[in-house]
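Novice: Sequence:
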Amino acid sequence: MYRIPDDLDLSPAVGECITQLGVGQFDLQFSIGPVHFAVQSPVELLRDGEQVGMWQEGRWPDPTFYEVMNSRVEGCDVVSDRLIAIEFENGLYMHLTDNSDDHECMTIAFDNGPSLLVI
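Per numbering that gives the first Met the number 0, residue 0 is the first one in the sequence shown, and the count goes up by one each step.
For the record, the hints were derived by calculation from the structure and aren't laboratory data. Keep in mind that the hints are not guaranteed to be accurate.
The calculated label-pair distances, taken between Cβ atoms and stated as ranges, are [said to hold, decoys possible]: (1) Thr18 <-> Val78: 21 to 27 Å; (2) Arg71 <-> His102: 17 to 23 Å; (3) Pro113 <-> Asp76: 18 to 24 Å; (4) Asp100 <-> Leu7: 32 to 38 Å; (5) Pro41 <-> Asp5: 18 to 24 Å; (6) Met0 <-> Glu88: 29 to 35 Å; (7) Gly112 <-> Asp76: 15 to 21 Å; (8) Gly14 <-> His102: 30 to 36 Å.
For clarity, every value in this text was computed on a predicted model and none was experimentally measured. Even glycine gets a Cβ: it sits at the ideal position worked out from N, Cα and C.
From just these sequences and the hints, can you work out the full model?
Specialist: See below:
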């Protein structure tokens, strides 16, 4: 809804791991070190450009989501004002998408950082 700012700095997540995923009825929650996400839009996992996992509202995440846990983040890129790509050391990519012009799609919070970012 509000788009992803092009100056969003997700570098504090690089080198960190996701250790837990929280699954709500309407969101997927996880932290990568000091960066905390709550995502209400679909979350895709890709390997070699092919979708291998998906979470969307009202569904349990595909088993592939276990593979992002305890795998270090090698990079976080703001690809566009609609897409964040997170690269893991095991070759998986997680895509977080702002897919709505009418509703909020995710929130991002930082330990000891700026206030809550609503996208």
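Novice: Hint by hint, note whether the structure agrees.
Specialist: Hints, one by one, checked against the model:
no. : hint                         : verdict
1   : Thr18 <-> Val78: 21 to 27 Å  : 25 Å, holds
2   : Arg71 <-> His102: 17 to 23 Å : 32 Å, violated
3   : Pro113 <-> Asp76: 18 to 24 Å : 19 Å, holds
4   : Asp100 <-> Leu7: 32 to 38 Å  : 19 Å, violated
5   : Pro41 <-> Asp5: 18 to 24 Å   : 22 Å, holds
6   : Met0 <-> Glu88: 29 to 35 Å   : 32 Å, holds
7   : Gly112 <-> Asp76: 15 to 21 Å : 19 Å, holds
8   : Gly14 <-> His102: 30 to 36 Å : 32 Å, holds
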